[in-house]
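As given, the protein sequences belong to chains A and B, one line each in that order.
So that you can map any letter, position 525 of the first sequence is 525 in this note's numbering, and since no number is skipped, the others follow by simple counting.
Count along the second sequence from 1, then add 1000; that gives the number in this note's numbering.
It cannot be assumed that every hint is accurate.
[Claimed, not checked] Cβ pair distances, simulated, as ranges:
(1) A/PRO452 to B/GLU1084: 22 to 32 Å
(2) A/PRO194 to B/ASP1033: 49 to 59 Å
(3) B/PRO1185 to A/GLY299: 48 to 58 Å
(4) A/PRO194 to B/ARG1034: 30 to 40 Å
(5) B/ASP1151 to A/ALA387: 29 to 39 Å
(6) B/ASP1151 to A/PRO452: 16 to 26 Å
(7) A/ASP342 to B/GLY1123: 29 to 39 Å
(8) A/ALA380 to B/ASP1214: 39 to 49 Å
(9) B/GLY1155 to A/PRO452: 16 to 26 Å
(10) B/SER1154 to A/VAL283: 51 to 61 Å
(11) B/GLY1126 to A/ALA387: 42 to 52 Å
(12) A/TRP40 to B/GLY1058: 50 to 60 Å
(13) B/ALA1076 to A/PRO452: 20 to 30 Å
[To be verified] One side only, chain A facing chain B, incomplete, derived with CB under 8 Å:
(14) LEU461
(15) GLY462
(16) ALA538
In short, the hints are calculated from the structure, not lab data.
Here a beta-carbon is modelled for each residue, glycine too, at the ideal position from N, C-alpha and C.
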Amino acid sequence: MTRRGTGAVGAALLLGLLLWLVLYPLVLVLAEGVRGPEGWTLDHVREFVGRPTEMRALWGSLWISLASVALAALLGVPLAFLVGRYDLPGGRVLGGLVALPAVLPPLVGVVAFLFLYGETGFVSLLLMRLLGLEEPLWRLEGAGAILLVHAYSMYVYFYLLVRAGLVSLDASQLEAAASLGAGRWRTLRRVVVPHLKPALAGAALLTFMTALGSFSAPYVFGGGFRVMPTQIVATRLNGENQLAMVETASLAALALLALLVFRTGSSGPGGAGRKGAGPARIVIRRRLARIAAGTVGWGLAALLLLPHLTLVLVSFVPVGTWTTEPLPPAYTVRNYLALVEDPVRVRPLVNSIWLATVATVAAVAIALAGALLSARRPTAPRRAIEALLALPWAVPGTVFAIALATAFSVRDPLAGRFILVGTVWILPLAYLVRNLPITSRAITAGVRALDPSLDEAAASLGAGRRRTLLRVTLPLLRPALLAGASLAFVTAFGDFVTSIMLYTYDTRPISLEILSSLRQADVGVAAAYGVVLMLVSAVVFALGSGGQGRGGNAG
Amino acid sequence: MDGVLGPARTRQRAGGGAVTPFLAVEGLAKRFDRTVAVDDVTLSIERGEMLALLGPSGSGKTTMLRLLAGFETPDAGRVVVEGEDVTRVEPVHRRFGMVFQHYALFPHLDVGENVGFGLESLGVRGAELGDRVGRALALVDLAGLERRRVDQLSGGQQQRVALARALAPEPRVLLLDEPLSNLDPTLRERTRREIRDLIRRVGITTVLVTHEQDEAFDLGDRVAVLRGGRLEQVGTPDELYAAPANRFVGGFVGRSSVVPVTVLGPTEWGTRIAVEGVEWEIERPAGHPVILPGAAVLMVRPEALRLGDDPQAIVGTVTGRRFTGPSSFFTVLTASGATLEVVAPPAAVRAGERVGILPSRRAAGGLHLFLAEEG
């Protein structure tokens, strides 16, 4: 068979696989929502529209997401300017520290906030003690608490993208603006901001989608306040499965709508590759201003690192010894020992590792195949493969969990449906599908960056396809593969939103064990799990850091 | 040298008579979507010859080269090497060496591994591999740099490594894609000489693509001028300059000016024309068709004109001068608004002066008459 022929067969196979795993479950969910005992029906849709609680949850999802974008921008953009444009004392270290919330898996961040600002958290207790109060000043509950966690965990998108945008600015553009008599504000407005427009739009979209799919914070802090992902889970618990399908469809529709709106807003020029040198950092001459800027930067960094430190501290607290004191009275390493000695507690660690590994290997393989097969394809199949690889990104995690649960809880081989729910395979599958977008984005970027004449050079030097792949393509793709794999692993390892809907006792991952430890007031063990998650995420991130920004919607 | 490249590639120019070409392109055509990139091109290249494909961007010259290399499959036509039809042969098996415009050196391999890459494809291993890599590098004056990283080399060195890599497996044909476009101007002329000498020494049949006429004229034994995917003319640099087949080739090759004229009729040895209110007689090159009376254009080389007072001179005003040392190019604006360029001693006239222009007595070959509507 010719080169072109095998490529076409491979592309067709991949397209089929993606249609089956990505699109088919979503279509099934949509169909379930409008099906009754006898034929098609709009009953569930009518019920959905008629219930005020449903409408409130949908509205809640929308405004929480928009507010999250605003807050994350408010925190992330100034930080990016401070670190990216100004020469601060210890600027390099500061730049790294400020990005650290990225290594806190969603649920772990929530737990850390609970320890820190919850009713019995450090800060609350400290303030009660200082002010001599009987009651805590606030309750970490409702929309405010959700927004706090969102702002904290999502400003990183704005920070990283805007900082990268600032670094890619051509210094001679700033010089040109200055020589044309533009002052600082006019340069900012007419040169810098237009250049940053794609970065800002990208960060806004990323934040909106992440906030829309966010589950951990509303689940733990929501209380009576519902957003659509938590509403779906509650409806399922009530046994109203088909109403849950309609809810799922509404959330998916909201996500796709947002994608459309943001896409139209983000088109336009700007952010093109730089030709000249990057701009030098601005040195603050006045001493007082310099000290003030440094203090603000480092103060913020300390505030942003408090959750990490809290988690580490709590992980050393023995069970039941810490109640009302601002600082724990005793410390122990027993919590960590329990993780390795107690077989019941070891299980989730082992589970998370193998589940994430399987999902990562599969995601990298599919993403690599997709990138290589679609690189030099005619446009139609390439677009289809790229769209399917990106689709799970636009769909909140809860939606995908429900879709997979629906598709793979029935045995009907002719319709491509098998019973996977309740088996060990459903979680790796869910992680895999959810990881496809971030993995394939990293790997596709790597493949696109390859000079096509390298392939041609190898061919003209007599190297066959296998030798070209092994000797030229794969070695050059190593950074992209590592980046894609590390993103996939970290996301799967810390996943909560899909796990809570699809896990079985035997496959329970770390995040669920954290939740059940918390419920049993086993705070130290929960924190120890959290620290393990955090450290593994950080190490894997560091291993894979070849550059690409993080782009998944964490649950 | 034979040790590196084999006796088969020793240079031997055809000595007249019917010679089967070493490399032949027959009726080659390629279109992308709706644009025609290469349109029915037929060419033949002798063993050891260097052919330059010259044309503006979009002329199809790079597509031609990629069709030769096998990276594109033609819609029609054949590529034949030494009597073997290689049109459908994959680039992997074609044994054409290629130097890419941006070199396409493998960034993760060192210089030696890059140069040895094609040899390994042929199954060369061990001591012989090292030996042949060393010789290929010596050929491009980079002996001993095997273990150097590619990104530590200068642009000129990278290009030589690319050349060594392409030559090491002893290809049948060498293809060069804009070989000098990536070098800065000071380096360009020197590299051009080096490439020319190296290829002459090796004697390999070579096709190179360029949009610079200097490069084409200096490197090519023959030059093929392409426009819009069509082959306009192929010939030695002298032939193209002295007898351009049409106005495009004439304008693309060398300096020239163009004026509209009226053909009055044939004379004993040429054509009588009316130009700017005077009458000139233009020599007609052998083999060129007779142009019937009517509108036409005259293409003139600067050296085919001279300044002088004469009733038959075109009168105009000097508007500019380009100084080139022993002589200068003067730009003269005629009464009808045409611009003519004339060569004269630097101090002959000054800007603003009124002058007369006449055909030069010696350079009769520098005046060409073409049909007016011809592009």
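Okay, the hints, checked on the actual structure:
1. A/PRO452 to B/GLU1084: 22 to 32 Å: With Cβ atoms ~27 Å apart, the hint holds.
2. A/PRO194 to B/ASP1033: 49 to 59 Å: 34 Å Cβ-Cβ, so the 49 to 59 Å window is violated.
3. B/PRO1185 to A/GLY299: 48 to 58 Å: The hint (48 to 58 Å, Cβ to Cβ) holds, given that B/PRO1185 and A/GLY299 are roughly 54 Å apart.
4. A/PRO194 to B/ARG1034: 30 to 40 Å: Between A/PRO194 and B/ARG1034, where Cβ atoms are some 35 Å apart, the hint holds.
5. B/ASP1151 to A/ALA387: 29 to 39 Å: About 36 Å separates the Cβ atoms of B/ASP1151 and A/ALA387, which means 29 to 39 Å holds.
6. B/ASP1151 to A/PRO452: 16 to 26 Å: Check passed, 19 Å falls within 16 to 26 Å.
7. A/ASP342 to B/GLY1123: 29 to 39 Å: 59 Å, violated
8. A/ALA380 to B/ASP1214: 39 to 49 Å: 44 Å, holds
9. B/GLY1155 to A/PRO452: 16 to 26 Å: Holds - the Cβ-Cβ distance for B/GLY1155 and A/PRO452, about 21 Å, lies within 16 to 26 Å.
10. B/SER1154 to A/VAL283: 51 to 61 Å: Since the Cβ atoms of B/SER1154 and A/VAL283 sit about 35 Å apart, the hinted range of 51 to 61 Å is violated.
11. B/GLY1126 to A/ALA387: 42 to 52 Å: 50 Å, holds
12. A/TRP40 to B/GLY1058: 50 to 60 Å: Distance hint for A/TRP40, B/GLY1058 holds at roughly 56 Å.
13. B/ALA1076 to A/PRO452: 20 to 30 Å: 25 Å, holds
14. LEU461: 3 Å, holds
15. GLY462: Holds, because the Cβ-Cβ distance from A/GLY462 to chain B comes to roughly 3 Å (cut-off 8 Å).
16. ALA538: Where the cut-off is 8 Å and the nearest Cβ of chain B is about 28 Å from A/ALA538, the hint is violated.
Comparing the model with each numbered hint stated earlier shows that hints 2, 7, 10 and 16 do not hold.
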